[in-house]
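Turn these sequences into a full structure, and let the hints steer you where they fit.
If you read the sequence shown in the working numbering, its first letter stands for residue -10, the second for the next number, and so on.
It should be emphasised that the hints constitute simulated quantities derived from the structure, not laboratory data.
Here a beta-carbon is modelled for each residue, glycine too, at the ideal position from N, C-alpha and C.
Any given hint could turn out to be false.
Stated by the list, open to error - Keeping only pairs whose Cα atoms sit at most 25 Å apart, straight-line, the calculated PhoX-like set for lysine-lysine is:
no., residue 1, residue 2
1, K11, K49
2, K200, K11
3, K200, K49
4, K218, K49
Claimed, not checked - Listed next, with one range per pair, are the computed distances between beta-carbon atoms:
no., residue 1, residue 2, range
5, S79, G137, 20 to 28 Å
6, N67, T209, 36 to 44 Å
7, E158, S68, 28 to 36 Å
8, A196, A244, 48 to 56 Å
9, A196, D57, 19 to 27 Å
10, G23, I211, 31 to 39 Å
11, Q80, E247, 21 to 29 Å
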Amino acid sequence: MQTRQAEYFGAYRTIRMTRDAKGVLVVEFHSDGGPCTFSAQHHTEVVDAFHRIAQDRANKIVILTGADGDFIIGVDWNSFGDVSDPGVWSQIHDEGSQVLENIANIRVPVIAAIEGRAYIHSDYALLANVIVAAEGSTFQDVGHFAVGVTPGDGIFTTWSYRAGAGRAEAFLLNPRPLPAATAYEWGVVAEVVPNGQALTRARELAALYLKAPEVTRRDTRIHFIQPLKERIVREVGYGLSLEGASSAALLRSKAKNEAA
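Right, here's the structure in full:
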């Protein structure tokens, strides 16, 4: 049974939102209804979407997932324009900082349901209280060191917080698919379930969490996320500045090689 949907649910082209009668909100990243390839439009829309989700007290539990058997599979680099332009990077910097803070400001339990590939912005998932991953799912960072860019947008902050700095550094410096079973061993994933069952299990956990009083649920999320929120505020703005400098250097190097 669906309850009345909030006005903002239909405001975004890159995010689908549905909420049931008990207030469980499912947030699904997608590209034209299919697997999500992260674009500049996604980057802008998630900032506002998560701010409004956090402000809406009708949301009792939030589940993050992706469309059509994947979480986020890649990046539409061209959509971001000339990232060596300070004005372009200023917007990316602002949005990149704000979205993580806005997810961290969601004051109800957050569950990530991961199917398939979580290859871009797995940091969003790691801001959840609990990650449920299908046994065939994999985590990877294809958007930073793998292409010559400093991983400064929160990917290191979240992975080092959840898995430890040594594991996070190795994961980001030698980016290759990390199986759900290994992420479970590292303590990043809470449960590994059969393929196709991640969202179902997330809904079961949501039903379990709803048995607690609302104030208890909200205050528990606030308490649990606070240490990671502090690191995000302290580290991500600086990290994004380093990422911007490395992006500009990468473009200059490519242009020089093409001209040679």
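Hints, one by one, checked against the model:
1. K11 - K49: The hint holds at about 7 Å.
2. K200 - K11: 11 Å, holds
3. K200 - K49: OK: K200 and K49 at ~11 Å, within 25 Å.
4. K218 - K49: Roughly 20 Å between the alpha carbons, so the hint for K218 and K49 holds.
5. S79 - G137: 20 to 28 Å: 21 Å, holds
6. N67 - T209: 36 to 44 Å: This hint holds: roughly 42 Å between Cβ atoms.
7. E158 - S68: 28 to 36 Å: 29 Å, holds
8. A196 - A244: 48 to 56 Å: Since A196 and A244 have Cβ atoms about 54 Å apart, the given range 48 to 56 Å holds.
9. A196 - D57: 19 to 27 Å: Roughly 25 Å apart at Cβ, these two residues keep to the hinted range, so it holds.
10. G23 - I211: 31 to 39 Å: About 35 Å separates the Cβ atoms of G23 and I211, which means 31 to 39 Å holds.
11. Q80 - E247: 21 to 29 Å: Once the Cβ atoms are compared, 26 Å apart, the range 21 to 29 Å for E247 and Q80 holds.
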